[in-house]
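Enquirer: Listed below, chain by chain, are the residues.
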Amino acid sequence: MNSPPEVPPGPLEGANGGIQAGRYYGRSIPYLPIDGYPGKLIAIEGTDGVGRSIQIQLLREWLEVKGYGVVETGWTRSPLMQPTIELAKSSNTLNKLTFVLLYATDFADRLEKEIIPALKAGFVVLSDRYIFTALARAGVRGIDRAWLRSLYGFAIAPHLVFYLKVDVETLIGRVLEARGMDFWESGMDLKHGDDIYDSFRTYQNKLLREYSSMADEFHFRVLDARRSVDRIQDELRRQVEVFLEPSEKPAEPALVR
Amino acid sequence: MTFSLLHATDFADRLLYKIIPPLKAGMIVLADRYAYTAFTRDVTRGVDRQWVRELYSFAVRPDLTLYFRVPIDVSLDRLMARRVKIKFYEAGMDLGWSANPVESFRLFQGKVLDEYDRIVEEFGLDVVNAVSSITEQQRLVRDLIARHVLTTHAETVNEQSA
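Those protein sequences? They're chains A and B, same order as listed. Residues 1 to 257, numbered by the working numbering, are exactly what the first sequence covers, in order. Residues 1 to 162, numbered by the working numbering, are exactly what the second sequence covers, in order.
Honestly, the hints are just simulated from the structure, not real lab data. Since this is a predicted model, take the numbers as computed values, not measurements. No residue lacks a Cβ here, since even glycine has one placed at the ideal position from N, Cα and C. Each hint should be verified, as a subset may be incorrect.
Cross-link-like lysine-lysine pairs, in silico, DSSO-like; alpha carbons within 30 Å at most [to be verified]:
no., chain 1, residue 1, chain 2, residue 2
1, B, Lys87, A, Lys113
2, B, Lys24, A, Lys191
3, B, Lys111, A, Lys113
4, B, Lys18, A, Lys191
5, A, Lys191, A, Lys206
6, B, Lys24, A, Lys96
In silico contact screen, one side only, chain B against chain A (beta carbon under 8 Å); selected entries [said to hold, decoys possible]:
no., residue
7, Gln50
8, Trp51
9, Glu54
Produce the complete structure using the sequences and hints provided.
Expert: Okay, structure coming up:
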């Protein structure tokens with residue numbers, strides 16, 4: 001890989017600009033130095049209904065059986081911000097800029113209080129979605145890309161980013177089978193029209209394009225999410241194993257669990 | 001970091017609902033504190049100086065910014081006279097620099113004032129000596145604003161007649 005500079009300059013760097021896993025993308029959090037922390041950060045990305053939750057659940061079980069300590073974190077799950085975000089979503093008065101900042105606040109809280117402490121303690125952190133979700137959603141809503149990348153400069157570059165890629169037809173089928181389309185997932189705030197189906201299709205197509213455009217920039221490992229749960233899981237485990245095993249061998253017999 | 005973003009979120013909401021619409025309508029908006037407060041307070045809490053400036057780059061740059069400057073002792077005296085208890089975050093107690101609220105306030109706000117001095121230069125703020133009497137300050141403030149509003153108003157009129 002590239003040899004990145006000691007302090008990454010400014011906003012998020014492109015594919016060849018020196019992203020280094022386990023370090024801040026851009027302007028760091030000065031009071032939280034993270035160099036040399038033993039934990040690993042693995043992000044699972046993908047749009048709504050792509051099957052992230054089940055994959056993370058299975059991956060977690062497998063890792064724990066192998067003796068790794070695992071911590072999960074997920075988008076908008078910070079105890080501080082979750083109620084506020086739900087409230088703001090329900091009232092429909094949320095400007096897109098405020099939306100972006102609410103998400104960033106939630107992320108900052110989880111980064112400071114969950115992710116960084118877990119990395120320090122040597123856990124494997126499984127992140128159900130990461131900043132790419134925020135970048136994609138905000139990108140679709142026309143927020144300035146350079147500003148977004150500078151904003152999220154305090155994010156830590158994951159060691160692995162898996163992108164569960166699916167086409168919009170498959171997605172529509174799954175979402176309708178599972179629970180139906182909701183207002184935000186359909187991008188109804190963008191006012192593409194009153195028809196939730198058309199809006200869902202348009203919005204998710206745009207999101208998929210945003211994700212694809214980030215694949216190279218952020219070193220996504222793309223997995224075909226149209227396959228069965230088991231096949232996707234096998235692929236995930238294979239790649240995670242290749243990454244984790246050379247760097248750290250947990251003393252399995254010593255772990256009683 | 002979270003503290004900083006929480007305030008930025010609140011600011012964005014107020015900017016878009018309370019500040020930009022009246023500006024578009026040609027009104028004068030008086031903001032009691034602005035993004036500069038975040039620059040000083042967040043940097044004192046350890047946030048990257050450049051990052052927070054970029055974060056707030058969506059903010060409208062004020063036509064005029066007045067900075068009321070007081071030495072730390074004067075502000076402490078005033079606060080103590082008005083209410084017994086100093087607020088937790090105002091004193092920077094979250095930073096754990098001192099268990100004594102007054103001492104913590106002195107340390108924290110002292111650093112905040114240093115940041116303000118930096119910002120006065122960087123963004124060209126007009127400094128009002130806030131130790132002087134209210135009447136004196138108000139006269140200076142009126143003077144500064146009057147000059148500014150008159151000029152701008154004249155320009156607007158010219159534009160319209162042109």
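Enquirer: Determine for every hint whether it applies to the structure shown.
Expert: Consistency of the hints with the structure:
no., hint, result
1, B/Lys87 <-> A/Lys113, "24 Å, holds"
2, B/Lys24 <-> A/Lys191, "24 Å, holds"
3, B/Lys111 <-> A/Lys113, "26 Å, holds"
4, B/Lys18 <-> A/Lys191, "23 Å, holds"
5, A/Lys191 <-> A/Lys206, "14 Å, holds"
6, B/Lys24 <-> A/Lys96, "19 Å, holds"
7, Gln50, "6 Å, holds"
8, Trp51, "4 Å, holds"
9, Glu54, "4 Å, holds"
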